[in-house]
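> Protein sequences, first through last, are from chains A and B. Position one of the first sequence corresponds to residue 1 (our numbering), numbered consecutively onward. Position one of the second sequence corresponds to residue 1 (our numbering), numbered consecutively onward.
Treat the hints loosely; a few may be bogus.
What the hints assert, rightly or not - Listed next, the in silico BS3-like pairs over lysine-lysine satisfying Cα-Cα at most 25 Å (straight line):
id : chain 1 : residue 1 : chain 2 : residue 2
1  : B       : K97       : B       : K71
2  : A       : K20       : B       : K155
3  : B       : K222      : A       : K12
4  : B       : K103      : B       : K124
5  : A       : K12       : B       : K155
6  : A       : K353      : A       : K232
7  : A       : K353      : A       : K20
8  : B       : K241      : B       : K318
9  : B       : K71       : B       : K103
10 : B       : K67       : B       : K108
11 : A       : K65       : A       : K20
12 : B       : K222      : B       : K155
13 : B       : K71       : B       : K115
14 : B       : K241      : A       : K112
15 : B       : K241      : A       : K107
Said to hold, decoys possible - According to the in silico footprint, chain B covers these stretches of chain A (three or more CB under 8 Å from chain B):
id : stretch
16 : 87-93
17 : 99-105
Keep in mind that the hints were calculated from the coordinates and are not lab data. Note that beta-carbon positions come from the ideal geometry of N, C-alpha and C, so glycine has one too.
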Amino acid sequence: MATIELVNVEKKFGASFAVKPMNMTIYNGEFVVLLGPSGCGKTTTLRMISGLEAVTDGQILFDGKEVTWLHPSDRDIAFVFQFFALYSHMTARENIAFPLQAQGESKENIRKRVEEVAKMLRIEHLLSARPGGLSGGDQQRVALARALVRRPAAFLMDEPLGALDAEFRESMRAEIKRLHIEQNATTVYVTHDQIEAMAMGDRVVVMSAAVVQQNGTPAEVYHDPANLFVAKFIGSPGMNLIRGHYADGKVALPGDSYYAVPTDWQAAIHEVIGRAGDVILGFRPEAAHISENGPIATTVYTSDLHGSYTMLHLELNRDTIVDVRAGRGTSYPIGTPARFDLDPAMVRFFDPKTEAAIHKGGNQ
Amino acid sequence: MSTRTAAPTSPVTISTRVDKVGRRPKVMRGIRAFAVIVITIIALLPVVWMIMTSLKSPSDVVAVPPKIIFKPSIESFIFLVTERVQFASPQEAAEYKARDDLKWYEEKVAQRGQKITRVGDFPKQLRNSFIIAGTSTIFSVLFGVLSAYAFSRFKIPGEGDLLFFILSTRMLPPVAVTIPIFLMYRELGLDNTYFGLILLYTTFNLSFSVWLLKGFIDEIPKEYEEAALVDGYTRLQAFRKVVLPQAVTGIAATTVFCFIFAWNEYAFAAMLTSDATRTAPPSIPSIQGVGRIEWETIAAASLVFLIPVVIVTFALRKHLLRGVTFGAIRKG
Chain A
1 MATIELVNVE KKFGASFAVK PMNMTIYNGE FVVLLGPSGC GKTTTLRMIS
51 GLEAVTDGQI LFDGKEVTWL HPSDRDIAFV FQFFALYSHM TARENIAFPL
101 QAQGESKENI RKRVEEVAKM LRIEHLLSAR PGGLSGGDQQ RVALARALVR
151 RPAAFLMDEP LGALDAEFRE SMRAEIKRLH IEQNATTVYV THDQIEAMAM
201 GDRVVVMSAA VVQQNGTPAE VYHDPANLFV AKFIGSPGMN LIRGHYADGK
251 VALPGDSYYA VPTDWQAAIH EVIGRAGDVI LGFRPEAAHI SENGPIATTV
301 YTSDLHGSYT MLHLELNRDT IVDVRAGRGT SYPIGTPARF DLDPAMVRFF
351 DPKTEAAIHK GGNQ
Chain B
1 MSTRTAAPTS PVTISTRVDK VGRRPKVMRG IRAFAVIVIT IIALLPVVWM
51 IMTSLKSPSD VVAVPPKIIF KPSIESFIFL VTERVQFASP QEAAEYKARD
101 DLKWYEEKVA QRGQKITRVG DFPKQLRNSF IIAGTSTIFS VLFGVLSAYA
151 FSRFKIPGEG DLLFFILSTR MLPPVAVTIP IFLMYRELGL DNTYFGLILL
201 YTTFNLSFSV WLLKGFIDEI PKEYEEAALV DGYTRLQAFR KVVLPQAVTG
251 IAATTVFCFI FAWNEYAFAA MLTSDATRTA PPSIPSIQGV GRIEWETIAA
301 ASLVFLIPVV IVTFALRKHL LRGVTFGAIR KG
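Hey, can you work out the whole structure from these sequences and the hints?
Here you go:
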């Protein structure tokens, strides 16, 4: 297993950047998820690590050894593709054995390793089938087996669950995570599904517009997003972001409500935007709780029952709707007034000019 | 029924979705089957007529009205592979027939008042056709698949222009360039050589083969090779082990088309070949009968000439059926 380092790696297509110069270290045995909307450069980054795409500048190091210009076959990596890329003219067994044949392993050894890995993925009974006859989940298991069989230095996975049905996706997610833990394999995993990223990653690297927006643990990107993009992108729905005017320790919100900023935040806000000015208040749906005396007045726009809870869409004024999580016991008819308060530990503030988060501990 | 309701007001029991409507009525299927039979008859009639003619005796061939029921004979095939002369006199004929070392086919020919002098040219011409059509097909497909792969997978400067240039070689009927090619070939000493015709047919087929194969290779997701590349194979190995097996449908279809063109080509073969390298197509219409036009021999020649194409097409039919509909298959 290897530590992967990217040093000022960039990719340009013509004059436009697919990936702006980025620095990142993926430690030995770590599961790092590259997360972002389509076209953000996450797949390009993965392909540069694999060597399938050449970098336009920068260096890639595996365990301190430069591999920037090595051929993919010399990097000792395994790649799992979204559409499996199983060879339809070979059986599952031949598919799994394919990488070992490239290494010139003995027939006996190949047979043993294939059976070992098939057992691990519980696909022994499928070995003589051709990929065309397998379900999506089984195809991806065969593809994973093909990646695992070589015991590579790193696994690179490009949306491996993207082509699966929802039911398979959940169980495969657990399988991949379990495999990762058992194998302690350095893994770089690309996805646009933030739930998948949160569930699987040791670390989540959020990308957008060819730039890394935030690199942190799932809890960090969820609770302390670095900027408005991450706040909005992570979570389902994303963080509520309300623009208001700050003055005298209070934020004037749309709909004539005032939110008293917790005192421990005030210094940080002063530092960034001054004594008074526009600020963006952010909070997760579960940070709000409905209460008769809550400072923020709204009317119910609509509500969705999610089984274990109810998601309320509350209207501050015509242009501002926030999502608030509430218990499933009470009913909230459309148009009725509702007030809510926020958990002071869970509110966040952003600077509307730079879109960056304001940090309580001081801003550079 | 003009009002629209936002939601069903009663449980949905009948679906109006077209895909749930029952099968077409039997009458429609009957009409279709009839049309298929008629088209099949129209397509097969000339071939059937040719087979019948080739099996007729010289007198049955010219019978008016044509005989549908006749006593089959294989004389035409003996005529096809032999060179014969008429007996000079009844005396010679009687002497010849009296010999007891005659083979069965010599006897059959003798009954028609002819004597076999040597093996005919047709077997050699057929062999020439095999050599030229076969070799040029192999080259067309080999070079075609290599350049189609390059066009499909790599960024080539001026790719669009190059592809257009390749296609443009087919915008002119080949016959239009017969004179320049004839003159060029004579200067270069390529006329009346195997190499000359192989080169020519490969050139004509290559544009077609590049375009057709590029379509097929475009359909193969590039992830297949990428998977092989990261699994430790070089690009050439990946091409051989992954791309070629996946492209077998396209290669089969291209092979059939290239072979049919090279096998059937008439105009250049007639102009650029003579005795030693003459192929079958220009020789069939010039089959010289002995004392008359031997329609049954010409029919037999056409029949024999047809067989290799039928065999090649039949052998590759499974791939062809998928091949000609390749645009409809989604990748992945």
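> Would the hint linking K241/B and K107/A be met if the CA-CA limit is 25 Å?
holds, 18 Å
> CA of K103/B to CA of K124/B, is that 25 Å or under?
At roughly 22 Å apart (the allowed maximum being 25 Å), K124/B and K103/B satisfy the hint.
> Hey, K20/A versus K155/B, does the alpha-carbon distance stay inside 25 Å?
Holds, because 23 Å separates the two Cα atoms, which is no more than 25 Å.
> Within a Cα-Cα threshold of 25 Å, do K71/B and K115/B meet the stated pairing?
holds, 23 Å
> Given the hint that K71/B pairs with K103/B, does the C-alpha gap stay at or below 25 Å?
holds, 22 Å
> Under the criterion that the straight-line Cα-Cα distance not exceed 25 Å, is the pair K65/A, K20/A satisfied?
Distance ~23 Å between K65/A and K20/A Cα, so the pair holds.
> K353/A and K20/A were given as a pair; does the straight-line alpha-carbon distance stay at or below 25 Å?
holds, 22 Å
> Given the hint that K353/A pairs with K232/A, does the C-alpha gap stay at or below 25 Å?
The given pair, whose Cα atoms are some 16 Å apart, holds under the 25 Å limit.
> Assess, step by step, whether the Cα of K97/B is no farther than 25 Å from the Cα of K71/B, and give holds or violated.
holds, 24 Å
> Are the Cα atoms of K241/B and K318/B separated by 25 Å or less?
Holds, because 21 Å separates the two Cα atoms, which is no more than 25 Å.
> Would the hint linking K222/B and K12/A be met if the CA-CA limit is 25 Å?
Holds, because 21 Å separates the two Cα atoms, which is no more than 25 Å.
> Tell me if the straight-line CA distance from K12/A to K155/B falls inside 25 Å.
Distance of about 15 Å is within 25 Å: holds.
Against the hints set out earlier in the document, no violation occurs for any number.
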